[in-house]
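Asker: One letter stands for each residue in the lines below.
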Amino acid sequence: MKNPLYLLQRALTYLVLIVASLLSVFPFFWLLVGATNTSADIIKGKADIGGALIDNILTFFERVDVPLVFWNSIYIAVTATFLTLLVSSLAGYAFEIFRSQVRERIFGGMLLMLSIPFAALMIPLFTMMGRLGLINNHLAIILPGIASIFIIFYFRQATKAFPRELRDAARIDGLKEWQIFFYIYLPVMRSTYAAATIIVFMLNWNNYLWPLIVLQTNDKKTLTLVVSSLLSGYYPDFGVIMVATIFATLPILIIFFVLQRRFVEGMLGSIK
Amino acid sequence: MPNKLNGLRTLVGAATLGASVLAMTSALAGEVTVWCWDPNFNGATMLEAAARYAADHPDFTINVVDFAKADVEQKLQAQLASGTTDGLPDIVLIEDYRAQKYLQSFPGSFEPLGGAIDTSKFAPYKVELASLNGQSYSVPFDSGVTGFFYRTDYLADAGYSEADLQDITWDQLIEIGKAVEAKTGHKLLSVDINDSGIIRIMMQSAGTWYFTEDGQVNIEGNAAFKTALGAWQRVLQSDIYKPTSGWTDYTGAFASGEVAGTITGVWITATIKANPELAGKWGVAPIPKIDFEGATHASNLGGSSWYVLASAPQKAEAIDFLKEIWASDVDFYQKILIDQGAFGTLTEARNGPAFQASDAFFSGQPVWQNFTSWLAEIPGVNYGIFTEEADTAVAAQLPVLKDGGDLDEAIKQIDAQVKQQTM
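If you're matching them up, the sequences are chains A and B in order.
Just so you know, the numbering used here puts the end of the first sequence at 272, numbered straight through with nothing missing.
Just so you know, the numbering used here puts the end of the second sequence at 423, numbered straight through with nothing missing.
If you are wondering where the hints come from, they were derived from the structure by calculation, not from laboratory data.
Treat the hints with caution; some may be incorrect.
[To be verified] Chain B stretches covered by chain A per the calculated footprint, using a threshold of three residues with CB under 8 angstroms from any CB of chain A:
no.	region
1	34-45
2	53-66
3	80-94
4	252-264
[Stated by the list, open to error] Mimicking DSSO-like on lysine-lysine, the simulated pairs with C-alpha atoms at most 30 angstroms apart in a straight line are:
no.	chain 1	residue 1	chain 2	residue 2
5	A	Lys46	B	Lys242
6	B	Lys273	A	Lys46
7	B	Lys183	A	Lys44
8	B	Lys281	A	Lys46
9	A	Lys44	B	Lys273
10	B	Lys101	B	Lys273
11	A	Lys46	B	Lys183
12	B	Lys335	B	Lys315
13	A	Lys44	B	Lys178
14	B	Lys281	A	Lys44
15	A	Lys44	B	Lys242
16	B	Lys242	B	Lys412
17	B	Lys402	A	Lys44
18	B	Lys402	B	Lys412
Here a beta-carbon is modelled for each residue, glycine too, at the ideal position from N, C-alpha and C.
Modelling step: build the complete structure from the supplied sequences, incorporating the hints.
Answerer: Structural data, given as structure tokens:
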């Protein structure tokens, strides 16, 4: 029964997969190992566990006000994610449910705006924030992203799968439009919200260019900015940078794993 | 169900409240703000300077904000372009190669300092690069005065002493490299093959640049440039170096002892000294000379200077601070040389004890005296505003030259690319 050619094919497939997974895991391995080595050892290419982990962590905490910076990043990412999901999902829902010629045009125009690169918006946006007195203020980072065209588009697409019958039934039961949204739509679309949360949280957590431009003092900086400023200089301490990078990666991993379970839950819920 | 909604309302309310509390915090008044990019280097020297100034001026406070170097540049560029001065610092550190770009692109944004600060106290090339229309705009900070950093033990094994490395040409360097590899098995240099820094070193050592004084492209027909590129092509085609890619790879080659040395700016000292087990095994010689009339053994790579913004809220205080410490305090320069390896450009500083001392790490050579002598000999050039663009054009041709490409053709290509980008 066992075809030798088939076996060979399988073996080859697995070989390629193993090599590919090693390649993708290696940077993480290198990151973890690097955090335990001194900068000088990292430069020499040492790839086994060293004894400098505690030193690196202590230096990181000594050089950077870690709790404050961490709080800044968390505050921005959580607030922005919450507000973005609220505003953009409402908009996406409305564009799909309450259609009209004019709204289609507006939506088309918005999609076109997706093609404008941020670099072109940066300086006008900075001037605007300057006039609002929001330079060096976390609100300057949170506010511009709340009405996210991409997330609006995403929710509009997802809303197409939202059963009209549910809406009709809710209306017959006497629910108002906003009640339909919060009590019917929101729970049903849990999986969509979970996926959007991952996307928006990651975008905000990793956001670099705009916070860099608009934040001016050390006490306002986010973790991404701190990692970048550690990397500067004529003699960067790579051990500390590795530790900082681990700190910057952890929340994303946690969010992902937590929401991944929700994600599956949501899928099961919608099948029932 | 209504309970659930109340919960949501409370949450929205709390978020809004949190946001408005945050909006109320504002910057501290009366503080001199500085933007720089290396907390261990220029940031640390700035704090030391501030501590000295505060001894006589108890009210003086400083806020040193560090970003990555490219980040400082981007922030400054974006903010000056937006025309919003709100949130700009009082003092900013700018890399020398980019000075003219800022000075010429944003006229009026920087404060002329020639009146307040006696620029004749600094190395002339540093003052020249930050001058525009007869005004000088900077307080010079560190120099990138260049040297040939080498392993004394490897070179001794190959039969070369300190004296044999004085007044050599690039072709002699190739011969030395061949001998070192034959006798010790080590390559002579670590070379980042994507970096055109060495061409900049060679050009400035002969007093020339990619651009003329009045900003015209000076590449095709620039005999010194051709000599420099030709000399480097011969090095690239020899087998005396280890090709590396990126900073980590480049520094790793000599930090690990694999390679016998490198030719670069004095700021590499901190990286070299980070390997204390190699103490006493390093030395510094002058860089080789290109075969061109008027060429020297002295050049520069990198370096940066302090600038005061015209919009600075604490302008008078910032200038006085720079004047009292950065433009006069000889002791201060001794301290930052020892603590941060920062090689300042105040000429008087060389008479201080730290500059006079010989360095045990560098085999007891009087390296700091040597560097100060070379510093004074660096030919002044005008870096213009498009050095970065020209660098990219040169870097693109280096692999071609390495593979035996025609020198004149490469120069033609570089010239065309620079003109296309900048005219």
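Asker: Given the hint that Lys281 (chain B) pairs with Lys44 (chain A), test it: the Cα-Cα distance must not exceed 30 angstroms.
Answerer: holds (18 angstroms)
Asker: Is Lys46 (chain A) within 30 angstroms of Lys242 (chain B), Cα to Cα?
Answerer: holds (19 angstroms)
Asker: Mind checking the alpha carbons of Lys242 (chain B) and Lys412 (chain B) for me, to see if they're no more than 30 angstroms apart?
Answerer: Within the cut-off at roughly 28 angstroms; holds.
Asker: Mind checking the alpha carbons of Lys273 (chain B) and Lys46 (chain A) for me, to see if they're no more than 30 angstroms apart?
Answerer: holds (19 angstroms)
Asker: Are there at least three residues in the region 53-66 of chain B whose beta carbon sits under 8 angstroms from a beta carbon of chain A?
Answerer: Answer holds; 3 residues pass the 8 angstroms Cβ test.
Asker: Apply the coverage criterion to the region 80-94 of chain B and chain A: a residue qualifies when its Cβ sits closer than 8 angstroms to a Cβ of the chain, and three qualifying residues are needed.
Answerer: holds (count 7)
Asker: Hinted pair, alpha-carbon criterion (30 angstroms max): Lys183 (chain B), Lys44 (chain A). Please report holds or violated.
Answerer: holds (24 angstroms)
Asker: Has the region 34-45 of chain B got at least three residues whose CB is nearer than 8 angstroms to a CB belonging to chain A?
Answerer: Coverage by chain A holds for the region 34-45 of chain B (5 residues, Cβ < 8 angstroms).
Asker: Take the C-alpha atoms of Lys281 (chain B) and Lys46 (chain A), compute the straight-line distance between them, and say whether it is at most 30 angstroms.
Answerer: holds (22 angstroms)
Asker: Compare the distance between the alpha carbons of Lys335 (chain B) and Lys315 (chain B) with 30 angstroms, and conclude whether the hinted pair is satisfied.
Answerer: Roughly 26 angstroms between the alpha carbons, so the hint for Lys335 (chain B) and Lys315 (chain B) holds.
Asker: For Lys44 (chain A) and Lys273 (chain B), compute the direct alpha-carbon distance and say whether it is at most 30 angstroms.
Answerer: With Cα atoms ~14 angstroms apart, Lys44 (chain A) and Lys273 (chain B) stay inside 30 angstroms; holds.
Asker: With a cut-off of 30 angstroms on the C-alpha distance, tell me whether Lys101 (chain B) and Lys273 (chain B) pass.
Answerer: violated (34 angstroms)
Against the hints set out earlier in the document, a violation occurs for number 10 only.
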